[in-house]
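Asker: Spelled out, the chains give:
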Amino acid sequence: MTAVTDRQKLSYIASQAADARVNVELETEGMTLNIGPQHPATHGTLRIVAQLDGEQVIRAEPMAGYMHRGYEKLSEVRTYPQITTLVNRIDWLGSFANEVPFILAAEHLMEVEAPPRATWIRTLLFEMSRVAHMILFLGDMGVQLGAVTPVFFAFRDREFVLDQIEKATGGRFHPNFDRIGGLKDDLPKGWIESTKDSMQTVLTFCDQIEDLLLGSEIFQSRTRGIGVIPKDVAMQYGLSGANARGSGIDWDLRRDNPVGLAYPDLDWKVWTHPDGDSFSRFWVRLQETREAVKMIEQLCDGMPSGPIMAKVPRIIKVPAGEAYVATENPLGEMGYYLVSQGGLTPFRLKIRSASFNNVSIAPWLLRGVYVPDIITILGSLYFILGDIDR
Amino acid sequence: MANSPLKVTKGLFAGLGVTMRTALRTMFPKRGAKTLIPAPSKGAHTVQYPHEVDVPAPRARGVIALHTENCTACMLCARECPDWCIYIEGHKTLAPPRREGGKPRSVNELDRFDIDYSLCMYCGICVEVCPFEALFWSPEFEYSELKIADLIHDKGRLSMWMETVPPFESYEAGSEAKVLKVPDPVPRDKR
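From first to last, the protein sequence lines are chains A and B.
Sequential numbering from 37 applies to the first sequence in my numbering.
Sequential numbering from 35 applies to the second sequence in my numbering.
Wrong hints could be hidden among the right ones.
Calculated pairs, DSS-like style, for lysine-lysine (alpha carbon to alpha carbon, straight line, at most 30 Å) [as the list claims (entries may be wrong)]:
(1) A:LYS225 <-> B:LYS126
(2) A:LYS109 <-> A:LYS305
(3) A:LYS353 <-> A:LYS232
(4) A:LYS353 <-> B:LYS212
(5) B:LYS137 <-> B:LYS126
(6) A:LYS232 <-> B:LYS189
(7) B:LYS212 <-> B:LYS189
(8) B:LYS215 <-> B:LYS126
(9) A:LYS305 <-> A:LYS267
(10) A:LYS353 <-> A:LYS220
(11) B:LYS215 <-> B:LYS181
(12) A:LYS232 <-> A:LYS220
(13) A:LYS220 <-> B:LYS215
(14) B:LYS137 <-> A:LYS220
(15) A:LYS267 <-> A:LYS347
(16) B:LYS126 <-> B:LYS212
(17) A:LYS225 <-> A:LYS109
(18) B:LYS212 <-> A:LYS347
(19) B:LYS212 <-> A:LYS220
(20) A:LYS330 <-> A:LYS267
(21) A:LYS220 <-> A:LYS45
(22) B:LYS126 <-> A:LYS347
(23) A:LYS386 <-> A:LYS225
(24) A:LYS386 <-> A:LYS353
(25) A:LYS220 <-> A:LYS330
(26) A:LYS220 <-> A:LYS347
(27) A:LYS109 <-> A:LYS386
(28) A:LYS347 <-> A:LYS386
(29) B:LYS137 <-> A:LYS225
(30) B:LYS181 <-> A:LYS232
I should point out that these hints are in silico values taken from the structure, not numbers from a laboratory.
Next comes chain A alone, as it looks inside the complex (with noise of 0.2 Å):
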């Protein structure tokens, strides 16, 4: 070992130590953020967890759990025109779409078959709520980004569509509308009127959101090229809806499998967007709300008559047997196992709904990005807590 003598090289080993041991204070932490359950942008009770470094995730999860009601088990115990009111409250936005699988279900076991008025009447009110819950998700994701003004835009607009929801059924939120063998009434008179009307200013809506928030420069550098799912990925985790058509994948149950609804007979496209990120899953939810206006224009002016219900004993019990019947609801695919062992109420019901696998891929997708992002990123996943949790 040699005497250190020169004085320069003395000092720059001292510096050495003096920069090591600020580097050893200033040594990065892990940070764990949770971000909820109460959280004003996440929509719902979703707590995630999230360990930081600095500004970028290293892993997120999602907790969910917080908003459990345990209607799965307690469809057990209710009977069948009771359990359309309890599963009415798991999505809450789009909620007549949450009655129709099940009693599409019911009816399959039952081997009843709904008139034709009252499955175009089913697939009318599945269209609107779909707008409905739509016209939030637009206005929504500019609230997520920091622009107030579409969120406003986008509840005085769903508010039309939400009366039309209500003139028919009686409820708003919560329609409990569709019965097994058909429908509780018809419509009443000038609905279909003034239901294009409000279907108009949806459009006059869509063309203002993609004039105030897709064209917007800030909107498309906060979600051109963050959150991407590629086309696999979004296929392993079993994304469905809007999530995965924003990936590329041309899947649509209402295309694909129109069991017991009214889409066949309907002039109406499937868009998909090949880029899988934020930006695209908006697109493509855009384009869906013009299609089903579209449709919904159609199903006005093709309305059949006829009754409305199908003949159904008074007391309903579902003859043994199972079926699995799955729509295409506005979140994505929600699907109903139902078990009968042929009594008064279901022996099981298996509640597949769309927002549980959407929200899956969450710790895959938030790896590695910065903490803005998250909000936008589960903002463009949409998901409904309700819908998560059951």
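Please arrange chain B on chain A, whose structure you already have, making use of the hints.
Answerer: Chain B alone, transformed into the frame defined by chain A:
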């Protein structure tokens, strides 16, 4: 970055411009920004609630009305209710015969009919299963209370809602459903 700060600022001002235009259109619905006094409730889509009341649709499920004359205390509604919030008690009595010289009839008389609106889910199953058309929906919604126990509406209060039940609407063209009639409410002095 793909987007320069200049471009992003442009987007910011474009957005603010839209907000400003809409705000002005709401405040000055008639003459644009030329008038100086804003009129918020004219161009707005909202209603200033306690002063102006928005009437819900006739089918809206606001409150359940009871037509006591039709009720036979058959308990169907209480049994079908998903959360069992209807309480019924009744007893059998003898009513005078319908025809002269006939036997007296045995009828069910209603002693108690309570609906607990703090439990009610507003699903409408009770109205639907009633075989004697004794229950009706009314779009009335202003019945909030300070105490939760006051949300239990008894027979008298439920039959008072009958006055607010609107007549059933006629149906859209092509319908084969029959339009039912809402019975006239019993006058106050005979209740």
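Asker: Taking the hints in turn, state whether each one holds.
Answerer: Hints and how they fare:
1. A:LYS225 <-> B:LYS126: Violated - the C-alpha atoms of LYS126 (chain B) and LYS225 (chain A) are around 43 Å apart, more than 30 Å.
2. A:LYS109 <-> A:LYS305: With a Cα-Cα distance of about 38 Å, the restraint between LYS109 (chain A) and LYS305 (chain A) is violated, given a limit of 30 Å.
3. A:LYS353 <-> A:LYS232: violated (38 Å)
4. A:LYS353 <-> B:LYS212: Distance of about 27 Å is within 30 Å: holds.
5. B:LYS137 <-> B:LYS126: The hint holds at about 15 Å.
6. A:LYS232 <-> B:LYS189: violated (42 Å)
7. B:LYS212 <-> B:LYS189: Since the Cα atoms of LYS212 (chain B) and LYS189 (chain B) sit roughly 29 Å apart, the hinted pair holds (cutoff 30 Å).
8. B:LYS215 <-> B:LYS126: At roughly 29 Å apart (the allowed maximum being 30 Å), LYS126 (chain B) and LYS215 (chain B) satisfy the hint.
9. A:LYS305 <-> A:LYS267: At roughly 20 Å apart (the allowed maximum being 30 Å), LYS267 (chain A) and LYS305 (chain A) satisfy the hint.
10. A:LYS353 <-> A:LYS220: holds (18 Å)
11. B:LYS215 <-> B:LYS181: violated (35 Å)
12. A:LYS232 <-> A:LYS220: OK: LYS232 (chain A) and LYS220 (chain A) at ~22 Å, within 30 Å.
13. A:LYS220 <-> B:LYS215: Distance ~17 Å between LYS220 (chain A) and LYS215 (chain B) Cα, so the pair holds.
14. B:LYS137 <-> A:LYS220: With Cα atoms ~40 Å apart, LYS137 (chain B) and LYS220 (chain A) exceed 30 Å; violated.
15. A:LYS267 <-> A:LYS347: Roughly 45 Å between the alpha carbons, so the hint for LYS267 (chain A) and LYS347 (chain A) is violated.
16. B:LYS126 <-> B:LYS212: violated (34 Å)
17. A:LYS225 <-> A:LYS109: violated (40 Å)
18. B:LYS212 <-> A:LYS347: holds (16 Å)
19. B:LYS212 <-> A:LYS220: The hint holds at about 13 Å.
20. A:LYS330 <-> A:LYS267: Holds, at roughly 28 Å.
21. A:LYS220 <-> A:LYS45: violated (91 Å)
22. B:LYS126 <-> A:LYS347: violated (35 Å)
23. A:LYS386 <-> A:LYS225: Not satisfied, since the Cα-Cα distance of roughly 38 Å exceeds 30 Å.
24. A:LYS386 <-> A:LYS353: Distance ~19 Å between LYS386 (chain A) and LYS353 (chain A) Cα, so the pair holds.
25. A:LYS220 <-> A:LYS330: holds (26 Å)
26. A:LYS220 <-> A:LYS347: holds (13 Å)
27. A:LYS109 <-> A:LYS386: holds (9 Å)
28. A:LYS347 <-> A:LYS386: The given pair, whose Cα atoms are some 27 Å apart, holds under the 30 Å limit.
29. B:LYS137 <-> A:LYS225: violated (47 Å)
30. B:LYS181 <-> A:LYS232: Distance of about 44 Å is beyond 30 Å: violated.
Checked against the numbered hints above, the structure breaks hints 1, 2, 3, 6, 11, 14, 15, 16, 17, 21, 22, 23, 29 and 30 and satisfies the rest.
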